[in-house]
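*Asks:* Going line by line, the protein sequences match chains F and B. FYI, in the working numbering the residues of the first sequence are 1 to 349. FYI, in the working numbering the residues of the second sequence are 1 to 349.
Because the hints were derived from the structure by calculation, they are not lab data. All the pointers check out, no bait thrown in.
Note: identical chains are not told apart, hence a pair may lie in one copy or across any two.
SDA-like cross-link-like pairs, simulated, lysine to any residue; straight-line CA separation at most 20 Å:
hint	residue 1	residue 2
1	Lys146	Pro217
2	Lys239	Gln75
3	Lys180	Asn277
4	Lys146	Thr218
5	Lys330	Arg80
6	Lys330	Ala26
For clarity, every value in this text was computed on a predicted model and none was experimentally measured.
2 protein chains.
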Amino acid sequence: MTQNVQYSNNVDATLNSFIEGGNYNAVMVLVDTNTHELVLPLLPCLSNAYIIEIAPGDDNKNLETLTRVWREMEQCDATRHSLLVNLGGGTVTDLGGFAASTFKRGIDFINVPTTLLGAVDAAVGGKTGINFNGLKNEIGAFAQAKAVIVSTIFFPTLPKQELKSGFAEMLKHAMLHSHKSFEQLLQFDFQNIDYDLLLSLLHESLKIKQHIVEQDPTEQGIRKALNLGHTVGHAFESKALCDGKSVLHGYAVAWGLVVESVLSHILLKSPSDDLYNLANFVKENYGAFYITCDHYDQLIDLMRHDKKSLNGEINCTLLKSCGDFTINNKINEDDIKAALDIYRDIMGI
Amino acid sequence: MTQNVQYSNNVDATLNSFIEGGNYNAVMVLVDTNTHELVLPLLPCLSNAYIIEIAPGDDNKNLETLTRVWREMEQCDATRHSLLVNLGGGTVTDLGGFAASTFKRGIDFINVPTTLLGAVDAAVGGKTGINFNGLKNEIGAFAQAKAVIVSTIFFPTLPKQELKSGFAEMLKHAMLHSHKSFEQLLQFDFQNIDYDLLLSLLHESLKIKQHIVEQDPTEQGIRKALNLGHTVGHAFESKALCDGKSVLHGYAVAWGLVVESVLSHILLKSPSDDLYNLANFVKENYGAFYITCDHYDQLIDLMRHDKKSLNGEINCTLLKSCGDFTINNKINEDDIKAALDIYRDIMGI
Numbered sequence: 001m002t003q004n005v006q007y008s009n010n011v012d013a014t015l016n017s018f019i020e021g022g023n024y025n026a027v028m029v030l031v032d033t034n035t036h037e038l039v040l041p042l043l044p045c046l047s048n049a050y051i052i053e054i055a056p057g058d059d060n061k062n063l064e065t066l067t068r069v070w071r072e073m074e075q076c077d078a079t080r081h082s083l084l085v086n087l088g089g090g091t092v093t094d095l096g097g098f099a100a101s102t103f104k105r106g107i108d109f110i111n112v113p114t115t116l117l118g119a120v121d122a123a124v125g126g127k128t129g130i131n132f133n134g135l136k137n138e139i140g141a142f143a144q145a146k147a148v149i150v151s152t153i154f155f156p157t158l159p160k161q162e163l164k165s166g167f168a169e170m171l172k173h174a175m176l177h178s179h180k181s182f183e184q185l186l187q188f189d190f191q192n193i194d195y196d197l198l199l200s201l202l203h204e205s206l207k208i209k210q211h212i213v214e215q216d217p218t219e220q221g222i223r224k225a226l227n228l229g230h231t232v233g234h235a236f237e238s239k240a241l242c243d244g245k246s247v248l249h250g251y252a253v254a255w256g257l258v259v260e261s262v263l264s265h266i267l268l269k270s271p272s273d274d275l276y277n278l279a280n281f282v283k284e285n286y287g288a289f290y291i292t293c294d295h296y297d298q299l300i301d302l303m304r305h306d307k308k309s310l311n312g313e314i315n316c317t318l319l320k321s322c323g324d325f326t327i328n329n330k331i332n333e334d335d336i337k338a339a340l341d342i343y344r345d346i347m348g349i
Numbered sequence: 001m002t003q004n005v006q007y008s009n010n011v012d013a014t015l016n017s018f019i020e021g022g023n024y025n026a027v028m029v030l031v032d033t034n035t036h037e038l039v040l041p042l043l044p045c046l047s048n049a050y051i052i053e054i055a056p057g058d059d060n061k062n063l064e065t066l067t068r069v070w071r072e073m074e075q076c077d078a079t080r081h082s083l084l085v086n087l088g089g090g091t092v093t094d095l096g097g098f099a100a101s102t103f104k105r106g107i108d109f110i111n112v113p114t115t116l117l118g119a120v121d122a123a124v125g126g127k128t129g130i131n132f133n134g135l136k137n138e139i140g141a142f143a144q145a146k147a148v149i150v151s152t153i154f155f156p157t158l159p160k161q162e163l164k165s166g167f168a169e170m171l172k173h174a175m176l177h178s179h180k181s182f183e184q185l186l187q188f189d190f191q192n193i194d195y196d197l198l199l200s201l202l203h204e205s206l207k208i209k210q211h212i213v214e215q216d217p218t219e220q221g222i223r224k225a226l227n228l229g230h231t232v233g234h235a236f237e238s239k240a241l242c243d244g245k246s247v248l249h250g251y252a253v254a255w256g257l258v259v260e261s262v263l264s265h266i267l268l269k270s271p272s273d274d275l276y277n278l279a280n281f282v283k284e285n286y287g288a289f290y291i292t293c294d295h296y297d298q299l300i301d302l303m304r305h306d307k308k309s310l311n312g313e314i315n316c317t318l319l320k321s322c323g324d325f326t327i328n329n330k331i332n333e334d335d336i337k338a339a340l341d342i343y344r345d346i347m348g349i
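The task is simple: from the sequences and hints, build the whole structure.
*Replies:* Listed below in structure tokens is the structure:
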């Protein structure tokens, strides 16, 4: 199934055409506190929409928030012919997509990602869901948005770490695609951000992702490539949650890409230059996730509980080189520990 | 999408072939207290399955139970390659199907309906879900079971009202199909139940249903025919829930079929003989749902909140005659009230 993705900096007009074309009997918009204040006023087409507001941040992507959203959808008399517009980052689009796809067994939703991470990660590909019991995206569904409207007009006001978070997923796509794409992204200068360049890089990045997703919408095979960096990255995120903290998803992915590049180097002899160039870029722009060898067993246990695991085995996508990936690599504990040792060494922790 | 339905009285062997063929890393079985005690021991192929037990009854088909099932699935280290067998009536298959289709964004499930209603209503057609906020099946998803195994071996130990409950859905299918099928079911004798006859009637009934579902799996059009009796029936069920009671689903459908047959007679001139024959059969076997004219506004409000409603309008499937249905009939309040008056009159309340 092809996802309808619209690239447009005239978000209001584009969104309005979908709203008018859909002949909906009610339009709701899901925002977080930030997008309510900063983004919603920029979209006059939503001035009559019923507003559902949630608290920002991944730790609110939970069952309690979901239950409240379902309740509010009911309170505004939403029917199967109503529309939910998800206006926000990954928390809003993941939770809102799941809320819409399960409300009365499914109503239309449109995603308007307001963060780079939202655009590149959560808004395209049909994955929706919430965290549950301390595990990331443990409950959810595959559900396609009616449309996704991608723009860069909301990014300049974002904190820089939000941009970096999204950029990590773009790095992943580039690594899956070609050495040239990878090198191009490593040149990106976060001190002097070029938003026009970023838009073109984003468009290219989403084309790589869509090409993979369309071949395998429910993640039976090749789509697992998109899990590059995520087996370890999710374990870092889950560890942070267990410790009562939270880290930005893209930061966890960036660190996960480094650890999994170490694994690629150990197991598949991927070039060490690429590993060191990546590690330097990540260290400079993302810092490092602090771990000691005392955390290895906890991290390994979290990796075993990952959705990608089979029979409790740890499963990673790895690279022979940029653009040449293999899915379903089973990783043993010793290799994970060795990779975490090297990660700590090259990241200087 | 064609649902894989197996008609077999050798349930253990049939189920076992799916379990062995699926190469699952964990098999879980969802039961209620009754099926745990009475049915599970009849299926040796599940002797090593992880058992998840819930309390019986539609009022346990709620978010709290669902949350516990998700948690228990996690506790037995279920992965995307695990299987959930739903062994029970509609509560188990509806809730279990939704739990499985949302756990890690979806794992395989097999439905083994143990009640006639489960076989005829909930186990075929891909509708899963839970009640929420006092509304029936308000949260859910369309998700196809890997297989549905239909048999009559579990029915003789059921209370007779469970059989009657399922039989009401068969009545509905017959009314949608032909006058001959309708007349045949009205001859059925609940005093001396012929289980062989029932199996053949059930098979025929499910063929009618599957034929409709396959043409329209997500209920955009013709599948709405299957809502016959349900607009009013659900309102009766929801009213009972609001009053802290519960009625068997099929009983509510039987009463709903009578009210909607009155509407068919008023609005589409359907034959009065069919109406009176139906009403007599329902009164004799199901009794009547007690309402007074003081309840009309509440019932109408509940009908407006039904999933089938559009723009707050009340939407029913109606019959010109048996086998000749029309979907999407918008019903005004006066006609509902008139039909409820006649329902009370012919049911003697």
